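Participant: The chain contents come next:
Number of protein chains: 2
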Amino acid sequence: MLSTRLPMPVPAAEHEQCPVTDVLRRVGDKWTVLVVVLLGQRPFRFNELQRGIEGISQRMLTRTLRGLETDGLVLRTVHPTVPPSVEYRLTPLGESLLHPLSALADWAVAHQPEIAAARAR
Amino acid sequence: MLSTRLPMPVPAAEHEQCPVTDVLRRVGDKWTVLVVVLLGQRPFRFNELQRGIEGISQRMLTRTLRGLETDGLVLRTVHPTVPPSVEYRLTPLGESLLHPLSALADWAVAHQPEIAAARAR
DNA sequence: CCGGATCCAGCGGGATACTG
DNA sequence: CAGTATCCCGCTGGATCCGG
Numbered sequence: 001m002l003s004t005r006l007p008m009p010v011p012a013a014e015h016e017q018c019p020v021t022d023v024l025r026r027v028g029d030k031w032t033v034l035v036v037v038l039l040g041q042r043p044f045r046f047n048e049l050q051r052g053i054e055g056i057s058q059r060m061l062t063r064t065l066r067g068l069e070t071d072g073l074v075l076r077t078v079h080p081t082v083p084p085s086v087e088y089r090l091t092p093l094g095e096s097l098l099h100p101l102s103a104l105a106d107w108a109v110a111h112q113p114e115i116a117a118a119r120a121r
Numbered sequence: 001m002l003s004t005r006l007p008m009p010v011p012a013a014e015h016e017q018c019p020v021t022d023v024l025r026r027v028g029d030k031w032t033v034l035v036v037v038l039l040g041q042r043p044f045r046f047n048e049l050q051r052g053i054e055g056i057s058q059r060m061l062t063r064t065l066r067g068l069e070t071d072g073l074v075l076r077t078v079h080p081t082v083p084p085s086v087e088y089r090l091t092p093l094g095e096s097l098l099h100p101l102s103a104l105a106d107w108a109v110a111h112q113p114e115i116a117a118a119r120a121r
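Chains A and Y are the protein sequences, given in the same order.
The first sequence lines up with residues 1 to 121 when you count with the UniProt record's numbering.
The second sequence lines up with residues 1 to 121 when you count with the UniProt record's numbering.
None of these hints come from the bench; they were simulated from the model.
Be a bit skeptical, because a hint or two may be false.
Which copy is meant is left open, because identical chains are indistinguishable; a pair holds if it fits in one copy or across any two.
Here are the simulated DMTMM-like cross-link-like pairs (lysine to aspartate or glutamate), alpha carbons at most 25 Å apart as the crow flies [said to hold, decoys possible]: (1) Lys30 x Asp106; (2) Lys30 x Glu54; (3) Lys30 x Glu87.
The model shown is predicted, which means the values in this text are computed figures rather than measured ones.
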């Protein structure tokens, strides 16, 4: 996709709505990764998730889950009981994201000391 | 790190300054990935980079490069010529980031159709 | 050529209160 | 229980001008 010499500029159209940047910005927000990791363990109910993540507000948990649901990474199932209970689980697509995500997570953990050392300077 | 049953909430201290989230937010910003990918090809000079990325402003290119430099991912070399020329290149740490990054990029490209389809609904 | 300084619009994200 | 509706604030990122 990108030539080795790059004589021409990367056109805006190519990175303005680039799927890579798109995914990275989604995953780069404050809570998404944490939610995905938790749902990677097992399905969760809404309040269960909120109790599971210290510091997240109802609003942000809702927004995060809606975003993941919109992208087809999370499946939302409403059980019409009283009181209602809603279950969230990763879709196969969501589970497939866990692999490259944990690869980057491993990199982050492995090189954390180098990054910290660089920042100290 | 995370138990399989999660009886206790993920403490805020564990994700407030988590190295994984830290890296993801850095990489999730608007221009960083693009710059890293370009520098993964060969060293670049400042204006050369700016011409190479359509739409980036001087300010944002500077900020992006400073951030990468601070984290030890990019090396900045000033050649004291007139006019001055500054060369940017990836450090070994920066190059090592390319691998997990491209893994996630590959995932994004591969599943782009599924995500687009999910969003359409 | 390579920035720094300043100003400003937009969005991410938190707190709180209310509802089916 | 599982949200929605408001309000508000800080930070990201863009535009512009200035300086070594």
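Participant: Please list, smallest to largest, the hint numbers that this structure does not respect.
Facilitator: none
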